[in-house]
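K.L.:
Heads up: the protein sequence lines correspond to chains A and B, in order. Residues in the first sequence are numbered consecutively from 40, following this note's numbering. Residues in the second sequence are numbered consecutively from 7, following this note's numbering.
Note that these hints are calculated values from the structure, not bench results. We treat Cβ as the ideally placed atom computed from N, Cα and C, and that holds for glycine. Be aware that one or more of the hints could be misleading.
Once the Cα atoms are required to be at most 25 Å apart in a straight line, the calculated DMTMM-like pairs of lysine to aspartate or glutamate come out as [what the hints assert, rightly or not]:
1. A:427 to B:237
2. A:427 to B:235
3. A:340 to B:17
4. B:119 to B:55
5. B:349 to A:389
One-sided excerpt, in silico: chain A residues whose CB lies under 7 Å from chain B [claimed, not checked]:
6. 40
7. 294
8. 332
9. 336
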Amino acid sequence: MDLVYTQAQQTFRAEARKWLTAHVPSERLPSFDTAEGFEAHRQWERTLAKGNWGMVTWPTEFGGRGCNLIEWLIFEEEYYRAGAPLRVNQNGIFLLGPTLMEYGTPEQKARFIPAMASGDEIWAQGWSEPNAGSDMAAIRCRADRDGDEFVINGQKIWSTRAVYADWVFGLFRTDPDSSRHHGLSKLLVPLNSEGVTVRPIEQLNGLPGFAEIFFDDVRVPAFNLLGGEGEGWRIAMATAGFERGLMLRSPARFQQACKRLVQLYRENGSDVINPQIESAVVRCYMDAEAYALSTYQTASKLCSGGTIGAEASCNKIFWSEMDLLIHETAMDLLGARAEIEPQTAAEFAELGAWLDGFMFAQSGPIYAGTNEIQRNIIAERVLGMPRK
Amino acid sequence: MNFTFTQDQLDFQDAIASMLRSEVTADTVRSRWATTAGVDERFLSQVHELGLNSMLVPEALGGLGLGVTDFILLAEACGEVALPEPIVESVMVSTPLLVDILDQGLGNADIQKVVDGVLAGDLRVSLGHAINPCINYADSADWFLVSEGDGIYLVPKEAISFKARKSVDPSRRLFSVSFDPRDHVRVADGDVGARLQRSTLNRGALANAAQLVGLSRGMLDQSVRYTTDREQFGRAIGANQAVKHLLADVAVQVEYAKPVVYRAAYTVGVSPNRADFAVSHAKSAAARAALMASRHCTQVHGAMGYTWECDLQIWTKRAWALAREWGDEGFHNNRIHEWLLRKDALLGPEFTFGRGSITDLEKAG
Chain A
40 MDLVYTQAQQ TFRAEARKWL TAHVPSERLP SFDTAEGFEA HRQWERTLAK GNWGMVTWPT
100 EFGGRGCNLI EWLIFEEEYY RAGAPLRVNQ NGIFLLGPTL MEYGTPEQKA RFIPAMASGD
160 EIWAQGWSEP NAGSDMAAIR CRADRDGDEF VINGQKIWST RAVYADWVFG LFRTDPDSSR
220 HHGLSKLLVP LNSEGVTVRP IEQLNGLPGF AEIFFDDVRV PAFNLLGGEG EGWRIAMATA
280 GFERGLMLRS PARFQQACKR LVQLYRENGS DVINPQIESA VVRCYMDAEA YALSTYQTAS
340 KLCSGGTIGA EASCNKIFWS EMDLLIHETA MDLLGARAEI EPQTAAEFAE LGAWLDGFMF
400 AQSGPIYAGT NEIQRNIIAE RVLGMPRK
Chain B
7 MNFTFTQDQL DFQDAIASML RSEVTADTVR SRWATTAGVD ERFLSQVHEL GLNSMLVPEA
67 LGGLGLGVTD FILLAEACGE VALPEPIVES VMVSTPLLVD ILDQGLGNAD IQKVVDGVLA
127 GDLRVSLGHA INPCINYADS ADWFLVSEGD GIYLVPKEAI SFKARKSVDP SRRLFSVSFD
187 PRDHVRVADG DVGARLQRST LNRGALANAA QLVGLSRGML DQSVRYTTDR EQFGRAIGAN
247 QAVKHLLADV AVQVEYAKPV VYRAAYTVGV SPNRADFAVS HAKSAAARAA LMASRHCTQV
307 HGAMGYTWEC DLQIWTKRAW ALAREWGDEG FHNNRIHEWL LRKDALLGPE FTFGRGSITD
367 LEKAG
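Next up, chain A with everything else stripped away, as it sits in the complex (with noise of 0.2 Å):
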């Protein structure tokens, strides 16, 4: 055990720091779910690629700079430092290229990773249907072969950035005649392809982040089949979802969140006649710390060889939770001014963004799998309990 970083490291950090001390945009970008806000972030994912800083986990040959979990963590902490955009790409960048880096075709590779680090192609997720929620074997939205294509017809919801983006990637059932999660095939469908409709979901702040893709007669070509036909299923539940899992929601943010979390207590912790407001800002402070070094050391097992353990099972929960507490303390600090939804820059300096922050974290505990499914899964699958 060795807590320090290398001197490669420390230069790396130094390198990141400086590019990002260059490029982060001083204006808050306006949110990616309007149509003005995407293409800024759009924009954002084109610099971060020009500067070789889009993904540093990737090989090189994508644009990435290879590097390490370690490496990764320390960019991620960097770039929360820096209050860099959020991004408009994570389903691309941390969902689907991993998997086509692991799956796909060279030909495949060729075509989807350049577009997708350049921000060219911003991709969605469709998952979920209407009755394949929690239980995602349910799928039901058809894709039958028909020569060198597949005709998709059916409809998927909950497909976060599909308002706006290029394509989707999702999981179809290629088998007719099969159930559950056999039978099942991960397609990558263009969103302007002819016979896809895509009706916006307002989220809990009014923006459409969200929406319902109906598919009708919709043609692709067999290319845009990732891994075997049928195998949609395992290429899901990969390894490599493990560490997709740990990407997923860097420690850096939440970090960050508690860092500006204790300024505003410095600030307002006075004024706020609630006994239980310090032990709050204590936990939770505590937790992003505790969150971070767990994904270290992970991080560190994984680096030196070995498998990760009953920690990936349990992340979501922890962050999800922390994220819901972090923000309640900060809306508990704000008092009744916490329902202003700020508008202009001197109300943000006021307010910062902890309203939107408060409301997303109501979504944390749901998606990726509701925490009572990782509940069952740790439950199941870490301590062993059984399943009926």
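Dock chain B against chain A, hints included.
P.N.:
Here is chain B on its own, set in the frame of chain A:
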């Protein structure tokens, strides 16, 4: 940057943990309760032969010269079986204090003799600290390290007067002690004494944190077994989500307490004077996990969980005690709170491992 244990460290933990699991069972713990001294002498000499007593003593003083991160997993393993004998405290807290005193050229005529006796397995030293009202297993100690004000005193058993206090945990044997703080038994004083007391408090809190993690695991294991075996409505009660979720919540807290405890162990090892934050975090997180484990695991045992017969009590009661010994949650959270309010506090994601992470940036301006 490498936040992993070495294969040697993991193998040693495996070996000790399996020895502990076969030697320290609920039955042998209960048989200790029936004895006068409450300790298993045969087991203690076995532990000594394994070298635990000298593990953290520098080689120059005749020890094995290992570090806190080498022992922390063993401390956790001791917690997992709810070991009654205060081995963790002895190895991690009182012996290092003796070594610190000796190292700094302090002490009196007795100190070398006491250290040698500990290394030889002939002597036991108990520790009194102002933060704790009692000393555990004081009756089986030969020497005492006790404090009064900033002073630390090395006192033989004969010069100590004891008053037994009954702990809720039958495995703990508490005594309040008093002694005459005379000059000739004082081994440290003033700033030095205060600093040693502070690092002792950190080691004590860390020792408890590691054991609390182990205790939580022990409670979880028993509860998984019980809820798998026990049937109601024609199926295992552990198949019910309400039961699963109680235990899953504990598992999450334990998973996220572990790296915090390991970071604290590392910090106490390399930078004992700057370990307050790391240790307080560890103690607070581990205590929270263990108290939740006690509550939830009692709950899933149903009425059995409220009986003397149920072995779970060996673990839950220890957790109740260790969670509050060496500083309770309020004490440790308050230390973190004070730190968060300091103007020079290093806050933010780039400081997870302190200033060490940005040395070069500062050099670069």
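K.L.:
Now tell me if each hint is right for this structure.
P.N.:
Tested hints:
1. A:427 to B:237: At roughly 11 Å apart (the allowed maximum being 25 Å), residue 237 (chain B) and residue 427 (chain A) satisfy the hint.
2. A:427 to B:235: Judged against 25 Å, a Cα distance of about 12 Å means the pair holds.
3. A:340 to B:17: 16 Å, holds
4. B:119 to B:55: 20 Å, holds
5. B:349 to A:389: 21 Å, holds
6. 40: 5 Å, holds
7. 294: 4 Å, holds
8. 332: Holds, about 4 Å.
9. 336: 5 Å, holds
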